[in-house]
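Residue numbers (our numbering), protein chains in the order written: chain A, 7 to 114; chain B, 21 to 445.
Simulated from the structure, these hints should not be mistaken for laboratory data. Fair warning: there could be bad hints in the mix.
Stated by the list, open to error - What the simulated footprint calls covered on chain B by chain A, stretch by stretch (three residues with Cβ under 8 Å from a Cβ of chain A suffice, anywhere in the stretch; the number is not a length):
id: 1; region: 157–163
id: 2; region: 240–253
id: 3; region: 323–335
Claimed, not checked - DSS-like, lysine-lysine: derived pairs with alpha carbons at most 30 Å apart:
id: 4; chain 1: B; residue 1: Lys160; chain 2: A; residue 2: Lys78
id: 5; chain 1: B; residue 1: Lys236; chain 2: B; residue 2: Lys160
id: 6; chain 1: B; residue 1: Lys426; chain 2: B; residue 2: Lys404
id: 7; chain 1: A; residue 1: Lys78; chain 2: B; residue 2: Lys426
id: 8; chain 1: B; residue 1: Lys293; chain 2: A; residue 2: Lys78
id: 9; chain 1: A; residue 1: Lys78; chain 2: B; residue 2: Lys404
Note that the Cβ used here is the ideal one computed from N, Cα and C, for glycine as well.
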Amino acid sequence: MTMSHLPAMSVSLLLASASTGAVAGDRELGEYLSAECVTCHQLSGRETGAVPRITGWPDEHFVAVMNAYKDKHRDNLIMQTIAGRLAADEIEALAAYFGALQSRSVVK
Amino acid sequence: MDFNRRQLLTGAAAVAGATMLGSPSVLAQAKPRVVVIGGGAGGATAAKYIAKDSAGAIAVTLVEPNANYQTCFHSNLYLGGFRDYASITHEYTALAKNNGIDLVRDRATMIDRDKKEVVLAGGRRLPYDRLVVSPGIDLKYDSVPGWSQAAEEAMPHAWKPGAQTLLLRKRLDAVPNGGVIVMIAPPNPYRCPPGPYERISMMAHSLKAAGKDRCKIFVIDPKESFSKQGLFQEGWEKYYKGMVEWLGPKVHDGLKSVDPASGTVVTGFETYKNAALVNVIPAQMAGAIARDSGLANASGFCAIDPSSMKSAVDANIYVLGDACIAGDMPKSAFSANSQAKVAAMMIRGELVAARTFPARYTNTCWSLIETDDCVKVGGAYEAKDGKIAASSTFVSKTGETAEMRKQQQAENMGWYAGITADMLG
Ligand SMILES: Cc1cc2nc3c(=O)[nH]c(=O)nc-3n(C[C@H](O)[C@H](O)[C@H](O)COP(=O)(O)OP(=O)(O)OC[C@H]3O[C@@H](n4cnc5c(N)ncnc54)[C@H](O)[C@@H]3O)c2cc1C
Numbered sequence: 007m008t009m010s011h012l013p014a015m016s017v018s019l020l021l022a023s024a025s026t027g028a029v030a031g032d033r034e035l036g037e038y039l040s041a042e043c044v045t046c047h048q049l050s051g052r053e054t055g056a057v058p059r060i061t062g063w064p065d066e067h068f069v070a071v072m073n074a075y076k077d078k079h080r081d082n083l084i085m086q087t088i089a090g091r092l093a094a095d096e097i098e099a100l101a102a103y104f105g106a107l108q109s110r111s112v113v114k
Numbered sequence: 021m022d023f024n025r026r027q028l029l030t031g032a033a034a035v036a037g038a039t040m041l042g043s044p045s046v047l048a049q050a051k052p053r054v055v056v057i058g059g060g061a062g063g064a065t066a067a068k069y070i071a072k073d074s075a076g077a078i079a080v081t082l083v084e085p086n087a088n089y090q091t092c093f094h095s096n097l098y099l100g101g102f103r104d105y106a107s108i109t110h111e112y113t114a115l116a117k118n119n120g121i122d123l124v125r126d127r128a129t130m131i132d133r134d135k136k137e138v139v140l141a142g143g144r145r146l147p148y149d150r151l152v153v154s155p156g157i158d159l160k161y162d163s164v165p166g167w168s169q170a171a172e173e174a175m176p177h178a179w180k181p182g183a184q185t186l187l188l189r190k191r192l193d194a195v196p197n198g199g200v201i202v203m204i205a206p207p208n209p210y211r212c213p214p215g216p217y218e219r220i221s222m223m224a225h226s227l228k229a230a231g232k233d234r235c236k237i238f239v240i241d242p243k244e245s246f247s248k249q250g251l252f253q254e255g256w257e258k259y260y261k262g263m264v265e266w267l268g269p270k271v272h273d274g275l276k277s278v279d280p281a282s283g284t285v286v287t288g289f290e291t292y293k294n295a296a297l298v299n300v301i302p303a304q305m306a307g308a309i310a311r312d313s314g315l316a317n318a319s320g321f322c323a324i325d326p327s328s329m330k331s332a333v334d335a336n337i338y339v340l341g342d343a344c345i346a347g348d349m350p351k352s353a354f355s356a357n358s359q360a361k362v363a364a365m366m367i368r369g370e371l372v373a374a375r376t377f378p379a380r381y382t383n384t385c386w387s388l389i390e391t392d393d394c395v396k397v398g399g400a401y402e403a404k405d406g407k408i409a410a411s412s413t414f415v416s417k418t419g420e421t422a423e424m425r426k427q428q429q430a431e432n433m434g435w436y437a438g439i440t441a442d443m444l445g
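So that you can see chain A by itself, here it is in the shape it has in the complex (with noise of 0.2 Å):
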């Protein structure tokens, strides 16, 4: 399925009306892959600058915004290029893997 020509909110709209309602990514995967958001965004859910928290986040969020960036419809040349080059099923893997990860609510 590719989704690449719908705007980004009907995609996440696609997504929460699944009938599991969640994304199954592959989480080792998306441990892996995680390690190259990291650099920026901190495990910790801290935020610093213009850097966001992205854990906790539900998947179906996280695999729309990753998607807008993907496709350009949001603004942002770095996340741009990383988005550009992961495949679904990573993003999947990417939403999975934060998703699970509970941000610490006092953070440093």
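Add chain B with the ligand to chain A, keeping to what the hints say.
Frame of chain A; chain B with the ligand shown alone:
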């Protein structure tokens, strides 16, 4: 806390398994050992990821002579007054404690590749199953005629962190209004391609902020062009008009010599006398331990297998960061950190049969030109045609909005917090 619990569980399971097998040889079998030389962007990251992801199944020793890590990255921001020195200085204690890494504060003096042992200055020998070498760069002191290690006080380089960074700032602060600064830029390849030009921007910012706008910075460059040139030159024209003069080789006709005692720089085109500050950034090569161990080729840097970061000459050794030949990737902390994660995965694959995936690399380098005006360059990379090749790249454009440039500086600050937590947390 989570890690400790996992480690305990793994340990208990291992003991139970061994008892069940009833074989003393299983109990006696030592854990695989990884030694990492250098606690910088490459080495600290590799040590952390191997230790963290193997949860105690691999014994990781990190060899680093310095008590703390002072980052070269963002040292230009310190120079420009955008950061204090404490904020670019980091302890190793959390890294060792949180991840169960044995931190050895010493210098590696030799790698005995036949015996698979690292020899330390203090005399200890550390046996390894796999070795990670990430010693950064050494300076070629003889690449600038008249300059030497003895002259690095008079004409600082500040291309290695610590005392030199502090010295350059002190010397910059002492430059009088109207004083002349000369930067000798390095030839390729060198650590941080946009670094010299970000430094020029930060020097000019600092001078201007101190009301010393009659100062002039001359850049004697051996290269015809440089990283993000259009962006930097646009910024210099906009913010520091008349303060920065960049001279390529066709114009300066070659650097002939420097005289540290009198602050003189002689080029084929002109002689600069009584410079208030001369910043010499010389040619570079892989850190001595990599070269002395036969890991480097004639270029002075170390060839690697782009699909794993494994040394091209020794299957038990991985070379990371500035010391390696990383194809299209620049020598940056971001690159070293990215390469370290590939190496850590491959090493776990070899030693504890962890799952491995095809190598992927990323880099982004931000450069601050003036307050809230930051540009970036970066790319995604993979192993292709025998090297690490760019699969896609990007660079900021001239004429971007102030809002975008400001946002990029906020990203730059976020990246710094992220990478230092990732390396050392
Ligand atoms: C002015 C400047 C600005 C920069 N800005 C940026 C930036 O904005 N972004 C970016 O990504 N990069 C930047 N860089 C580049 C970045 O600092 C390097 O690319 C990065 O540090 C390389 O990591 P490394 O692991 O190869 O070496 P290093 O980080 O230099 O680490 C090497 C470590 O090895 C240790 N060591 C050396 N020899 C031995 C031995 N024999 N035994 C034991 N330990 C040893 C050293 O003490 C050191 O701690 C900048 C560099 C400079 C100079």
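Hint-by-hint comparison with the structure:
Only residues whose C-beta sits within less than 8 Å of a C-beta in chain A count toward coverage, and the region 157–163 of chain B has 0 of them, not enough to reach three; the restraint is violated. Given as covered by chain A, the region 240–253 of chain B fails the check, having 0 residues with a CB less than 8 Å from a CB of that chain where 3 are the minimum. Under a criterion of three residues with beta carbons nearer than 8 Å to beta carbons of chain A, the stated coverage of the region 323–335 of chain B fails, only 0 such residues being counted. Distance restraint check for Lys160 of chain B and Lys78 of chain A: the Cα-Cα separation of roughly 44 Å exceeds the 30 Å cut-off, and the hinted pair is therefore not satisfied.
For the hint pairing Lys236 of chain B with Lys160 of chain B, the CA-to-CA distance comes to about 27 Å; that is within 30 Å, so the pair holds. Using a Cα cut-off of 30 Å, the hinted pair Lys426 of chain B and Lys404 of chain B is violated, with the two alpha carbons roughly 36 Å apart. Between Lys78 of chain A and Lys426 of chain B the CA atoms are separated by roughly 21 Å; this keeps the pair inside 30 Å, and the hint holds. Note on Lys293 of chain B and Lys78 of chain A: the hinted pairing is violated, with a Cα-Cα distance of about 53 Å set against a maximum of 30 Å.
In summary, the hint linking Lys78 of chain A to Lys404 of chain B is supported, as the alpha carbons are separated by about 26 Å, within the 30 Å threshold.
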